[in-house]
Amino acid sequence: MSVTPIRLQTDAYSSFVNYQLDNSYDEMFEAPGVPRAHYRTLHKTLMGMAPEELRRTQQAADLTFLHEGITFTVYGNKEGTERIFPNDLVPRIIPAGEWAKIEKGLTQRITALNIFLKDIYHQGQILSDGVVPRELIYSCRHFRREMRELQVPRDVYVSVCGTDLVRLPGSEFAVLEDNLRVPSGVSYMLANRKVLKRVFPTLFRDYNVCPVDHYPQALLATLRSLAPANWPTQQDAATVLLTPGVANSAYFEHTFLAQQMGIELVEGRDLLVHDNVVYMRTTAGLRRVDVIYRRVDDDFMDPLCFRPDSTLGVPGLFNAYRAGNVTLANAIGTGVADDKAVYAYVPAIIKYYLAEDAILPNVPTYLLNDASSRAMVLEKLDEMVVKAVGESGGYGMLIGPHSTAAQREEFRQRVLADPRNYIAQPTLALSRAPCLIGDDVESRHIDLRPYILFGEKVTLVPGGLTRVALPKGSLVVNSSQGGGSKDTWVLRAEQTREPGITQKSAADLEEAAADAQALDRARRPEGKLRQ
Amino acid sequence: MLSRVADNLYWMSRYLERAEHTARLVDVELELWLDQAQRAGAERWRFLLAALQTAPPGEGPVSAASLVETLVFNRTRPSSLVSCIAAARENLRHVREQCSSEMWEQLNRLYLSVMDKQADESRHLKSHAFLRGVRDGAHLFQGITDGTMSHGEGWQYIQLGRYVERTETLASLIGAHFERLPHKSDEAVETAEYLEWIGLLKACGAFESYCKAYTAEIRPMQVAEFLILNSDFPHSVRFSVDRVESALKTIANLTERKAGMPARIAGRLRAQLSFSQIDEILAAGAPLYLRSISRECVQLHAAIHQIYFDYPVESELAS
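In order, the protein sequences belong to chains H and G.
Anchor point for the first sequence: position 45 equals 443 in my numbering, and the numbering is continuous, going up by one each time.
Anchor point for the second sequence: position 85 equals 179 in my numbering, and the numbering is continuous, going up by one each time.
Hint data in this document are derived by calculation from the structure and do not stem from the laboratory.
Residues from chain H shown here face chain G by an in silico Cβ test under 8 Å; the list is partial:
hint, residue
1, Asp-668
2, Thr-680
3, Thr-681
Stretches of chain G that chain H covers, calculated by requiring three or more beta carbons in the stretch to come under 8 Å of a beta carbon on chain H:
hint, stretch
4, 185-195
5, 347-353
6, 398-411
Quick list of the computed label-pair ranges, beta carbon to beta carbon:
hint, chain 1, residue 1, chain 2, residue 2, range
7, G, Ser-194, H, Asn-606, 30 to 38 Å
8, H, Glu-807, G, His-399, 57 to 65 Å
9, G, His-233, H, Asp-460, 27 to 35 Å
10, H, Glu-450, G, Asp-210, 28 to 36 Å
11, G, Thr-170, H, Asp-460, 33 to 41 Å
12, H, Ala-721, G, Asp-210, 49 to 57 Å
13, G, Asp-210, H, Pro-817, 53 to 61 Å
14, G, Ser-194, H, Ser-771, 51 to 59 Å
15, G, Lys-352, H, Asn-674, 28 to 36 Å
16, G, Leu-206, H, Glu-777, 49 to 57 Å
The C-beta atom is built at its ideal place from N, Cα and C for all residues, glycine as well.
Work the whole structure out from these sequences, hints included.
Have a look at this one:
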């Protein structure tokens, strides 16, 4: 990858002086010094801010995160505990037209995947017709035989989905992977938005950005719409969020979402099953539970059914599920559809069920179970990205161009030992976006994780989490591996004119920030009563 | 609310109250120790252990330093002051979303400062400042709680834990004191004992209020009356029982459950305290009276768990 530092302004010091362009798509610049139309105003604003101002603004944003305790846990780190989630305050901007296509593509994808899941847990037509190899499904660790013939409400297996998108050098978006089990990160999306509103209020208003704050309401409505069949009305459905507890890396998100939705945050030990009905233990007695938004892995959900050593789940929960007395969102067994080997077949899956071509393409993927693909990939390990099919969080991954010979050899052995468990993709030039690094604005690789809700209808929150690979040149965006995030601004469709130039003095910015804060406070929803 | 959450709030509150009480008591004791002859040391030890209802440590010299070490800084003893603070913080950590962020910050700050000082080599030289800091930290937490937390069911469990613990610790402290210095009638105190009675009042933070009510003349009967039967002073047994009963009533309303066993015990205790006369109590023997109150508290605690936290599932399902 050739990297040419290009000076973007010849006179006066510019924060963009160290900004580098290369062969990956740059979100902000279409040519050296020439920002894309929708980035012009942001560019002018950043250029108009002195480095100390930029740094101060970033510090103010960091402080907000610190005070609110917006943290996550990093596994495998020596300190091994809570870290403040790194955020970058330069927003990533997506014009309305591009978002419309993303929305259509993702809706198509999740619709097809839900039909797929129903099929493979019932008739298995797609397998009989040879479109997807049967052994691929049955050899998948996340295929749960217990789910065969089980009816789920509205046939919705995946109600909360986080699909990772990347933008390729040709400017089109492609799907990197789906996350259909327990996708996380949405609380950071909401937190980023809150902070950006405080930091760039005028810019925000001028740009006419689509709001995201309705996510908790949308999620609650989606969950309620999946209430089990034998319950009178959706409004009465008792919904809870099942968390593994304080030790879990995403615990902050669990408490945040439960609070925002006004539902009870429960652990396995608060629940019990009697006569195939799920109850929670409250001070006012036992209360029936109808819908569980579960953030616990399949394996740990029910010690009578899955891992017997699990203390995070509820004994008998699966029986209640089978009896149709409780809804689990997402359903058990969805991991078979986000297996990275099955991912390669998704365009075929979409074609099979919807008779449409995939609107959002896949990234070229080689299944290492296949002998010829395997031979080819092992030849070129230094150019490929090899991933274990069932992992997430950036673990179990080899990035060829950034690896040592020893690492490549180790991976070679792993692949040969268990080829079904690995896939390979060519190293992608992920798109880059401006990030505040120290005093300067530099470019870093990013991806995009929009969140799709599938209940009575499909709801997509405009934007999502843009994840940033913070170390220079890195391609790994996961928070657990040192990545950070940005706010994502999807512009409203009616935006036709160029937003006004917003070069303001520090005092004006402060005043605008105070106004925005007051507005924010006024808009905050009323405190919700616990159920 | 979830039983587990209510349980955590109740225990957090009990631990914090105990830590505050220990801080005040040890601080007073250290001062009194300075005025004592050496041989009185073992006796003081016995008194303190009885007052705090805590097990004696192993062998070792009986001194002010060892007293502080055992009761305050020993991390391996679950009833020591630092262990109580750590337990309070841990309980709150598990239900962090129930409290305001200011509450968490304050308790966490107190915990971190206590842990820091506990590791200090010269900690026994700075006992007074440390104990004062713990009391201030606990007070601050309670003020923040009252000011930033909704006075709903969760807050009521915090009050319940606090005042159940206070009833028990006051009963055992006053009882242990009267065991050591028995007085059955209203005679005045000898000079030698004068400081001990003031010490008792100070350990309850009651000296100045007592003086307002009775003047500075220390009479055992009046001290007993103030600390056991006074309904206005926050560190009296009567006051604490009143608060316990009121919290239980509110919780019963909020959970729409019949008041049941806890309310009966609390009601009985309050009636007993409202209608007792101090001369009767002293004639029968204050320690005896207070021990029965302690026993009632233990039963009350068990009943609260039985009804609200650990109720057997079968009884619930039958209804």
